[in-house]
Amino acid sequence: MRHLLSTQDISRDEAVRILDTAAQMAATQGREIKKLPTLRGRTVVNLFYEDSTRTRISFETAAKRLSADVINFSAKGSSVSKGESLKDTALTLQAMGADAVVCRHQASGAPHLLANAGWLDAAVVNAGDGMHQHPTQALLDAFTMRRHLATYLAGGAARPDDDVADGTDLAGLRVAIVGDVLHSRVARSNVHLLATLGAHVTLVAPPTLLPVGVQTWPCDVSFDLDATLRDVAPDAIMMLRVQRERMSGSGSGGGAFFPNPLEYTRKYGLDPRRLATLAPHAIVMHPGPMNRGLEISAEAADSPRSVIVEQVGNGVAVRMAVLYLLLSGDNSEGTTL
Amino acid sequence: MTRSPVPADDAPASPSSAGRPEGTVVLGEADISRALTRIAHEILERNRGAADVLLLGIPTRGVPLAQRLARRIAEVEPQADPATLVGRLDVTMYRDDLRNNPTRTIGRTDVPAGGIDGKVVVLVDDVLYSGRTIRAALDAIVDLGRPRAVQLACLVDRGHRELPIRPDFVGKNLPTATDERVLVRLAETDRDNADCVVIAGGAR
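Listed in order, the protein sequences are those of chains A and B. For the first sequence, counting from 1, position 117 maps to 117 in our numbering; every step adds exactly one. For the second sequence, counting from 1, position 132 maps to 132 in our numbering; every step adds exactly one.
Cβ-to-Cβ under 10 Å is the rule here; a few derived chain B residues that face chain A:
hint, residue
1, TYR94
2, ARG95
3, ASN101
4, THR103
5, LEU144
Pulled a few chain B residues facing chain A out of the computed Cβ check, cut under 7 Å:
hint, residue
6, MET93
7, LEU98
8, PRO102
9, ILE106
10, ASP143
To be clear, the hints were calculated from the coordinates, so they are not data collected in a lab. Predicted model, so just to flag it, every value in this text is computed and none were measured. Note that the Cβ used here is the ideal one computed from N, Cα and C, for glycine as well.
Next comes chain A alone, as it looks inside the complex (with noise of 0.2 Å):
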């Protein structure tokens, strides 16, 4: 694989080892010195259309970790403005010689064209492209996951440990991602990677956040939480954010998706009567940014069960991981990821 741009392009053996070489940054991390000289001379290249913070801090402090150069694109303030087009964008940072280049963009398929068009020679990683995919937030994810449950899922008490973790895929893993699916990159690349290492999937959302075609996906559907928790009994809950700014129309209600904020935190939100009727090992996970008090409350959030600050740390050591299969090596014979 010369590309990060799906999880659907992913092979459990391919995301096994993504995992595993994550975990190896990951115990680097904890050092004193925490950069490695593995990417010295390759340049990086975050190119980013739409606003973000983790993600392309997480990415940037990734390829500085791997002694990578690193240089942020962000479409404000640069000749995009001016009208610039991404195939002009594309040509200019091959002519500076990048090596790899993130990208992130509001129309979906946009680094699957920078990596397919003949623009680049760079490896191309999507950062999240419009309602699409984000394979590196899933990837973080079953990290999360992984290490979290392995122990679990080999038949012992839930603790992190990531010698247990080693090699392992997540079957027979029952996560629910609940929310706003229709509008999120991250629960359709959860899906799809989740369903690869052998996790069960239930999607949890109101009908209208639920895009069309999602009886194809590798995943069960419910619209109702509370019978998921009971019946289900997820190991991993994950709540997504309820994208207003991708809601069209205005008002109290974020457009017609749902009537008001205070019934859609009563059927779909993470309260703390919910967070109670979790099984002991369950784990709490959300992408960022949280709504609190929307679709998870503080309680939730803050609870020892919530491993959302931990999901950003090793959002570094997967970034860090894709970075180095994707870049070290020689690629001229196609590497596999």
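Here the structure of chain A is known, so what remains is to put chain B in place on it, guided by the hints.
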């Protein structure tokens, strides 16, 4: 780690992974055992005991060799604890040939709880060839801490150094041609293999 003209370092000599690889056996099980016992005693002699010694095996086959050395040292020095005496040091991310080879899998690095500051670190590898693996290991050590000294033990020194690196403890000096391959097989890492060192390929 063996550096050889073929791209994959740890690839078996022949497609048959079980049994002895083809080629001339230069060290048998007993020879390897004797060499390791001697190296263990040399390490103790040189450092006047095992008080500050830390053996770091370089994956793949340096790790079991370091563990064997630690067991032998613990037999002679009762106060030495084989658990805190030995670790493993993966040097993949410090190599200078990452771009010329297929992507390598990154291995685990384990250093005993005390760290390496002030210790005498003995790097342990199976075959010493160009010296580039050891150069990478020296860089990796610098990132982990500041040992009092670094020494190098290897089971086989096959010559052809490309860097000014010299081992302190050698199991056997093995003159080779560059087109030959030196293969170390150990019971811990190579299934169905007895310990042996084999020279394969080349003109002989």
